[in-house]
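Protein chains: 2
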Amino acid sequence: MIVVCNRIPVHPDYFDAFEERFKDRAALVDGMDGFISFQLLRPHNAEHPYTVMTFWESKDHYEAWINSEEFKQGHAQSGRMPSEAFLGHPMLETFDVIQSTAKIVREAE
Amino acid sequence: MIVVCNRIPVHPDYFDAFEERFKDRAALVDGMDGFISFQLLRPHNAEHPYTVMTFWESKDHYEAWINSEEFKQGHAQSGRMPSEAFLGHPMLETFDVIQSTAKIVREAE
Chain A
0 MIVVCNRIPV
10 HPDYFDAFEE
20 RFKDRAALVD
30 GMDGFISFQL
40 LRPHNAEHPY
50 TVMTFWESKD
60 HYEAWINSEE
70 FKQGHAQSGR
80 MPSEAFLGHP
90 MLETFDVIQS
100 TAKIVREAE
Chain B
0 MIVVCNRIPV
10 HPDYFDAFEE
20 RFKDRAALVD
30 GMDGFISFQL
40 LRPHNAEHPY
50 TVMTFWESKD
60 HYEAWINSEE
70 FKQGHAQSGR
80 MPSEAFLGHP
90 MLETFDVIQS
100 TAKIVREAE
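Quick note, the sequences are listed as chains A and B, same order. Letter by letter, the first sequence follows residues 0 to 108 of numbering that gives the first Met the number 0. Letter by letter, the second sequence follows residues 0 to 108 of numbering that gives the first Met the number 0.
So that you can see chain A by itself, here it is in the shape it has in the complex (with noise of 0.2 angstroms):
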């Protein structure tokens, strides 16, 4: 299992819209062939970026998505924003799951 974390710094004043773009997009990749989650984070001090995580079967799947026309439909949804909303570029990170453990399991909130 691998996860996708997409660091976006994001100027306090444009949170909301942030989040705002995100509204309708988890239902585009959630149907994704090995797609496992996905999670929208919030930082609650603003020097820190948001982070969009998506965990994912392997590399291979979360590269199939990024070429997908699912995706490239929600990025065009989502690309309204104006430059001052962001303190900076994104920053990709990606990892491999070596240790997972869960207490309670959620399904969708």
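Source of the hints: derived by calculation from the structure; they are not laboratory data. Just to be clear, a hint being listed does not mean it is correct.
Same chains, same names: a pair is fine if it fits in one copy or spans any two.
Cross-link-like lysine-lysine pairs, in silico, BS3-like; alpha carbons within 27 angstroms at most [claimed, not checked]:
1. LYS22 to LYS58
2. LYS22 to LYS71
3. LYS71 to LYS102
4. LYS58 to LYS71
Here the structure is a predicted model, which means the values were calculated and not measured.
Place chain B on chain A using the hints.
Same frame as chain A, but now just chain B:
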């Protein structure tokens, strides 16, 4: 729900030793009140930090954990790595989970 990300820059020569530290630790945190899940993430790019993620029902639950005997016990056990194992100080980032979806749910692996 919140997530706490401890971002720890580890020298590639110490990846195995670093992961070894976590082998016995999950059992300490997963009985804590308000604990949801834990993931240990190994970076694909060695310039990115390892990320230790814990999800909690609230910030209060997380704070109770870091003040607990179990937390002290886990960190005492793991404080035996040399300073050259780390490429910098750990960086803590905390977030609210704004949106979350999942297709496949795993209890542990």
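So, going through the hints one by one against the coordinates:
1. For a Cα distance limit of 27 angstroms, the shortest separation of LYS22 from LYS58 qualifies both inside one copy, at 25 angstroms, and across copies, at 25 angstroms.
2. For the homomeric pair LYS22 and LYS71, the shortest alpha-carbon distance inside one copy (16 angstroms) is at most 27 angstroms, but the shortest distance between copies (40 angstroms) is not.
3. When the C-alpha separation of LYS71 and LYS102 is checked against a cutoff of 27 angstroms, the pair qualifies only between copies, where the shortest distance is 21 angstroms, while the shortest distance within a copy is 35 angstroms.
4. In this assembly of identical chains, the alpha carbons of LYS58 and LYS71 lie at most 27 angstroms apart only when taken from the same copy (18 angstroms versus 36 angstroms across copies).
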